[in-house]
Amino acid sequence: AQSVSQHNHHVILSEAASLELGCNYSYGGTVNLFWYVQYPGQHLQLLLKYFSGDPLVKGIKGFEAEFIKSKFSFNLRKPSVQWSDTAEYFCAVNVMDSNYQLIWGAGTKLIIKP
Amino acid sequence: DGGITQSPKYLFRKEGQNVTLSCEQNLNHDAMYWYRQDPGQGLRLIYYSQIVNDFQKGDIAEGYSVSREKKESFPLTVTSAQKNPTAFYLCASSRWGQGPLGTGELFFGEGSRLTVL
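Chains as they are written, first to last, in my numbering: chain A, 1 to 114; chain B, 1001 to 1117.
Simulated from the structure, these hints should not be mistaken for lab results.
Calculated lysine-lysine pairs in the DSSO-like style (CA-CA distance at most 27 Å, straight line): (1) Lys109(A) <-> Lys1009(B); (2) Lys78(A) <-> Lys113(A); (3) Lys78(A) <-> Lys61(A); (4) Lys1057(B) <-> Lys49(A).
Residues from chain B that face chain A, not an exhaustive set, calculated with beta carbons under 10 Å: (5) Gly1003; (6) Tyr1035; (7) Gln1037; (8) Pro1039; (9) Gly1040; (10) Gln1041; (11) Arg1044; (12) Tyr1048; (13) Gly1058; (14) Leu1090; (15) Ala1092; (16) Glu1105; (17) Leu1106; (18) Phe1108; (19) Glu1110; (20) Gly1111.
From the three backbone atoms N, C-alpha and C, an ideal C-beta is built for every residue, glycine too.
Next up, chain B with everything else stripped away, as it sits in the complex (with noise of 0.2 Å):
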């Protein structure tokens, strides 16, 4: 079945460490992006990609790093500098020309839990 797997489920970091989060789709897409999602807030882009070897920054960029290597792939690392990193981390991926300016369909993964301790 295609979709978008993310591992792993869940995670914990002690303060100063660098985690990295997979995010992998076998639908073909050419955009991926990166959502975080915090209690009562609605979902904040960090990062996105339209194209291979291409990635912008979103709106709470600063504290992560992204890739896009490989069209299926998009690995998001939490890095130290993210002052408050315990979140809920959503990717999702659309066709080329059909993502929110498009027919707006975004395909999600079921996501990440991090836990910094």
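Bound conformation, chain A alone (with noise of 0.2 Å):
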């Protein structure tokens, strides 16, 4: 079965820090690759997505994240975090034929230190 690995449950973070949050997925076809976010008492709500094109896609905020076919992987990453960065980020992946169905990763509570 199609599964998506976050590794990191909890990640902590002083102001101005450089972010990196890992997603692997296991499928080895054509997939959809989006990053959510879920901000402090508001909606899980988009952040980005790649389809096809130039893997590294930018997202809103300052976020950006890579697609690197042969790690099966989309990273997020931001060069500097804010103190309003502090949510919790969901990795899913579409794979192509699994209609209108989205793997879930298990999320990154982030936490950033003012």
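Make one complex out of these two single chains by using the hints.
Right, here's the structure in full:
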């Protein structure tokens, strides 16, 4: 069965530190890739997505992610985090032969210390 | 403001009781979804509906039922047959052709937390 792994369940960083959250999936075919974010007290919302083309995609609030097909990875990065980036981040993968289904990672809780 | 409204936010249920969670959207979206979220796990799809009067089972449909009589509404009933119903339930919607196979943008409600006593 397809699965999505987020390696760190909890990450604590200081402001201005660089961020990289890992996401790996287990499927060899064509995929669409997503990062969603849930800020405290808010709805889950789309941060960025990759369908095709440039494997480096940019999202809102300075986030970017790189799709490395050979590593089955879609890691989320931000060069310098802010306190307002404190949130839970979810990676999700849409397997192209699984209609209307996203396979979700377990999420990473990110805490930024001011 | 457009969005998805779930109610109630918190619900307590005795074992053996059915409960219904409400989900209403005013985004004019065709597709709606119910997910379950448990600690340390990703979201799992319970049911989804692409159009009024039609819905499909997701990965964990056993013990749940849904209806889609109106475009705006997609209520979820957690029946007494659901063995482990305590969880956080999320409702989502997307435009036709722009759900997980399209733009991938799902719009979520704030969720309902169900606790079975």
